[in-house]
Structure formats: C-alpha cells, structure tokens
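Those sequence lines, one after another, are chains A and B. For the first sequence, this note's numbering gives the first residue as 1, with consecutive numbering after it. For the second sequence, this note's numbering gives the first residue as 1, with consecutive numbering after it.
Careful: at least some of the hints might be erroneous.
Since the list can't tell identical chains apart, any single copy or any two copies may satisfy a pair.
Straight-line distance between alpha carbons at most 20 Å, and here's what the computed EDC-like set of lysine to aspartate or glutamate pairs gives [claimed, not checked]:
hint : residue 1 : residue 2
1    : Lys41     : Asp74
2    : Lys20     : Glu46
3    : Lys11     : Glu73
4    : Lys20     : Asp74
5    : Lys11     : Glu64
Just so you know, these hints were derived from the structure itself, not from any lab.
Number of protein chains: 2
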Amino acid sequence: MGRVVVDVMPKPEILDPQGKAVVGALPRLGFTQFTSVRQGKRFELEVEGPVTPEILAAAQQAAETLLSNPVIEDVVRVADAS
Amino acid sequence: MGRVVVDVMPKPEILDPQGKAVVGALPRLGFTQFTSVRQGKRFELEVEGPVTPEILAAAQQAAETLLSNPVIEDVVRVADAS
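Whenever a hint applies, use it, and build me the whole structure from the sequences.
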C-alpha cells in the first residue's frame, strides 16, 4: 500500500491567525526560541498499489484543486511517503 | 535563519471527518486512485540562528504540549528544514 504526502501552507503574504496564536502562546510556556510560526495542512493519501509517477501527478493535481485554495495557499510538497 | 517543521496527524483510531470529506470529494473530481485520506497539521517554526539539537528538543517538547493534543493526535515529525 502506497502513501502520498501533500503539504499545504498559507502563502507568505497571507495573515495566518493560527500561527500568530501559536507564536503568542509559546513564550508563555517557556519556549522563547521561536520568532515566527506558520500553520498549514498535511494530507496523507493512500493508494492500493505502489506510488507511480501517474499517482504523484494525480496527487499534485488534487492538491492544487481540492486540497488547497490557490488564492491563499501554496502546495509546498507532494511526495511518496510509502 | 533556521526553520523547524512539525507534523501532527490524528491518531489512526481517531475518526478524521476532514479526511473523510476529502476522500468523498476526490472521486467526484475524477480522482479515483485514493482509498483513504487523513488530514493533519504542519507547523513551520522559525528561529534566529541555526537549528541546534537544543532547538529541536524544544520544538519536540512544544509539539507534544502545545501543537498537538496527545489524546487524539500524534507528533509524526520534528525536523530541521532550514
């Protein structure tokens, strides 16, 4: 059974309120090392057989059309993670 | 400037309604290759200097306490992505 991982992140110029909330909470918990946090999405798509180039191409297309909103998000990774 | 990536996924035994919605929508868009989808979160944490083992340890601790809910989620990756 194969697995494709798709990572989607908010575009750099888009405000990321979830990331801002995290970066505000970190110092209160003693984590003062981190200057900026962005929060995005990670999808794991499973296929029956092996992950072929055709599967990866379909995943890339699905990532750009269904898994991300291209106005505010970038698909940063589509990779075989079997 | 260094960057740490933290990936958090719902535990396998936990129902994932977002993933279910995606796996239901994929065939309607012509993507019939995918049998299962899980949706999780991806965080990018930035630090001023390089990503040291201490920074990675702090990120691991932050991932387990703030970035994930250990009852329903697993931290699947904490890695230097500078």
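Okay, the hints, checked on the actual structure:
1. Proximity of lysine 41 to aspartate 74 under the C-alpha cut-off of 20 Å is found in both arrangements, the shortest distances being 10 Å within a copy and 14 Å between copies.
2. Within a single copy, lysine 20 and glutamate 46 get their C-alpha atoms only as close as 32 Å, which misses the 20 Å cut-off; across copies the closest is 12 Å, which meets it.
3. Within a single copy, lysine 11 and glutamate 73 get their C-alpha atoms as close as 5 Å, which meets the 20 Å cut-off; across copies the closest is 25 Å, which misses it.
4. Proximity of lysine 20 to aspartate 74 under the C-alpha cut-off of 20 Å is restricted to the intra-copy arrangement: shortest distance 18 Å within a copy versus 22 Å between copies.
5. Taking the shortest Cα distances, lysine 11 and glutamate 64 sit within 20 Å of each other inside one copy (13 Å), while across copies they are farther apart (26 Å).
Of the hints listed earlier, there is not a single one the structure fails to meet.
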